[in-house]
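Colleague: Chains as they are written, first to last, in my numbering: chain A, 1 to 281; chain B, 282 to 591.
With a straight-line cut-off of 25 Å between C-alpha atoms, the simulated DMTMM-like cross-links for lysine to aspartate or glutamate are:
#1 Lys111/A / Glu417/B
#2 Lys85/A / Glu468/B
#3 Lys459/B / Glu472/B
#4 Lys85/A / Glu580/B
#5 Lys577/B / Glu181/A
#6 Lys275/A / Glu466/B
#7 Lys459/B / Glu88/A
#8 Lys577/B / Glu88/A
#9 Lys111/A / Asp513/B
#10 Lys275/A / Glu468/B
#11 Lys158/A / Asp169/A
#12 Lys111/A / Asp510/B
#13 Lys275/A / Asp467/B
#14 Lys85/A / Asp467/B
#15 Lys85/A / Glu466/B
#16 Lys275/A / Glu469/B
#17 Lys161/A / Glu181/A
#18 Lys462/B / Glu88/A
#19 Lys111/A / Asp563/B
#20 Lys425/B / Asp513/B
#21 Lys275/A / Asp477/B
#22 Lys275/A / Glu472/B
#23 Lys161/A / Asp179/A
#24 Lys577/B / Asp563/B
Hints are computed from structural coordinates only; laboratory data are not their basis.
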Amino acid sequence: MAVMLEILIYGVIIGSIWALVASGFSLVFGVARILNFAHGIFFILGAYLAVVLFPYLGFLSIVPSVLMVGAFGWFVYRFLISPIKGYEVMVILITLALALLMEQIVLAIFKDVSISFPLFLSGVVFLFGVPVPENRLLITAIAFAVIAILDIFITRSKTGKFITATSQDMEASMLVGIDVESVYSVTMAISAMLAGLAGILYAQIYAVNPETALRVLIYAFAIVILGGLGSVRGSVVASFIIGFIQTAVSTLYDPRWAEIVALVTIIVVLIVRPKGLFGVE
Amino acid sequence: MRWLVLLIPLLVAPLVAPQSLIYLLGLTFIFVVFVVSWDLIAGYAGQINLGHTVFIGIGAYTTALLQNPERIGLHLNVPIWASILAGGFVALAFGFAIGAVCLRLRGYYLALVTAILPLICIQLLNVYSNVFGGYEGFSVGFGKALAPNLVEEYYVTLLFMIVCLLSITLLVRSPLGKKLKAVREDEELAEAVGVDVVKYKLIAFCLSAFFAGVAGAVMVHYRLTVGPDYFDVPLMLTIILAAVIGGLGTIYGPVLGAFMVYLAKNYVFSAIVQALSLNVSDEIFLYALLILIILKCPEGIFEKIGRAIS
Numbered sequence: 001m002a003v004m005l006e007i008l009i010y011g012v013i014i015g016s017i018w019a020l021v022a023s024g025f026s027l028v029f030g031v032a033r034i035l036n037f038a039h040g041i042f043f044i045l046g047a048y049l050a051v052v053l054f055p056y057l058g059f060l061s062i063v064p065s066v067l068m069v070g071a072f073g074w075f076v077y078r079f080l081i082s083p084i085k086g087y088e089v090m091v092i093l094i095t096l097a098l099a100l101l102m103e104q105i106v107l108a109i110f111k112d113v114s115i116s117f118p119l120f121l122s123g124v125v126f127l128f129g130v131p132v133p134e135n136r137l138l139i140t141a142i143a144f145a146v147i148a149i150l151d152i153f154i155t156r157s158k159t160g161k162f163i164t165a166t167s168q169d170m171e172a173s174m175l176v177g178i179d180v181e182s183v184y185s186v187t188m189a190i191s192a193m194l195a196g197l198a199g200i201l202y203a204q205i206y207a208v209n210p211e212t213a214l215r216v217l218i219y220a221f222a223i224v225i226l227g228g229l230g231s232v233r234g235s236v237v238a239s240f241i242i243g244f245i246q247t248a249v250s251t252l253y254d255p256r257w258a259e260i261v262a263l264v265t266i267i268v269v270l271i272v273r274p275k276g277l278f279g280v281e
Numbered sequence: 282m283r284w285l286v287l288l289i290p291l292l293v294a295p296l297v298a299p300q301s302l303i304y305l306l307g308l309t310f311i312f313v314v315f316v317v318s319w320d321l322i323a324g325y326a327g328q329i330n331l332g333h334t335v336f337i338g339i340g341a342y343t344t345a346l347l348q349n350p351e352r353i354g355l356h357l358n359v360p361i362w363a364s365i366l367a368g369g370f371v372a373l374a375f376g377f378a379i380g381a382v383c384l385r386l387r388g389y390y391l392a393l394v395t396a397i398l399p400l401i402c403i404q405l406l407n408v409y410s411n412v413f414g415g416y417e418g419f420s421v422g423f424g425k426a427l428a429p430n431l432v433e434e435y436y437v438t439l440l441f442m443i444v445c446l447l448s449i450t451l452l453v454r455s456p457l458g459k460k461l462k463a464v465r466e467d468e469e470l471a472e473a474v475g476v477d478v479v480k481y482k483l484i485a486f487c488l489s490a491f492f493a494g495v496a497g498a499v500m501v502h503y504r505l506t507v508g509p510d511y512f513d514v515p516l517m518l519t520i521i522l523a524a525v526i527g528g529l530g531t532i533y534g535p536v537l538g539a540f541m542v543y544l545a546k547n548y549v550f551s552a553i554v555q556a557l558s559l560n561v562s563d564e565i566f567l568y569a570l571l572i573l574i575i576l577k578c579p580e581g582i583f584e585k586i587g588r589a590i591s
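Here chain A stands alone, though its shape is the one from the complex (with noise of 0.2 Å):
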């Protein structure tokens, strides 16, 4: 009992990390169709980038470090990705070359040396007799908080209903007057700094370095393949699923299996749902 306790909350904890990673990275497929194989570079930079900063600015550091990799995500759109946008292979192509040349240009300024950022809280407090530290606890909350606000933002706000509109009908968004690009550019940018957010938060958690990006993206996939693609609230409980699997898989069996069970099982859903759990067209 003790041990399924413990796989139910660190599950939770890695599921509301990957939650943040996965929902930017399958609303930007939603609401433009892009599949964008640099969401991981934005996971490590907003890492690299808090930890730079924090000599500096301390916890603050993460605020300008957000909102960096959010620009950076405006910046790939509106000037890598709009150009070519009727190309899909090309997009893909695109995002790939630059996430491959990003990992290269972190490795060169940093070294193959891995990073981490520091702990908000120390303690530790005890969950229905499970040890868990008071950190990681902040961190799910953050995330939560963060995954609430980006669900009011979409259906409340002005701008979240103009990308849930252009999501469904990008004609007749541009008919009724909306900058469909300016749309695709906040999109990213959102996605970007949801990325950014998780970087930093994982970097509490685990050691992050320029390979983290590429293994990263594999679970952006993975849970947005399972959640259904263009779903944000399936990938949601998708990230959830995927942390269970991967804490079940680590305490009970070997660390070195989590990912190829968590892929596996996914390639299993796929065979029986083609669409994924929560599949839109």
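Based on these hints, arrange chain B on the given structure of chain A.
Modeller: Just chain B now, kept in the frame of chain A:
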């Protein structure tokens, strides 16, 4: 047959070129087969397979393990040509299994699932590192080379490339190739006129896997080492890049693209990095150039040149 003229410089190259370039050309010939076999499924059947390196890697490890059977606890004595072919057939079997599952998925799902597959393979290599050699891979042994010296090896790889290109050309010109093109152009229409879409996609997938597997295996006996880089993302990107620059679905386009990209990456860029004594990977130039090329001509370089001429 005019293209045979292009072969002449390749045939006389070993007489004039330095050893390092000859070795690199041999690698390029094998790389050409990687690219053209990917183009078979992407350019002719219209399926974006981002996991082509799975087949290359499986072919490579199959032959490497058959030549070093003690790693899997067996005592075998397999001739090299047989283990190379075995690499192709094992890759084909995986191609069939993967294709049977994934080809029901359309468009983006296929791309995403196949993008994940190589990473599962790399993880498995590390989990069973006593068999596969983990991150480092392993050396297959000096006695396992394609031919006793570099010049002969060069001609073996050249011959291999020509044989593969001829077989693939014959395939795409056959009735099978026409059906594949029909699937690429309009899946529903092809289905409506009686083409069994799933069957032909699966056949293309298996053929693509077979050629990739054989090429991966040949690469092992040329480089004499095997490692996770046969599966890895940079190789996949280089393959797609070469095919796309040359123009998908044309055979000659991806061949030219493969020569350009592979030689640029391993000859020109590494020379630049060395000359400037930069402490970076030569891949940085490749990726930066790639981004520029895509932005300038997203329809492919040769397509653009062709249009400019006509």
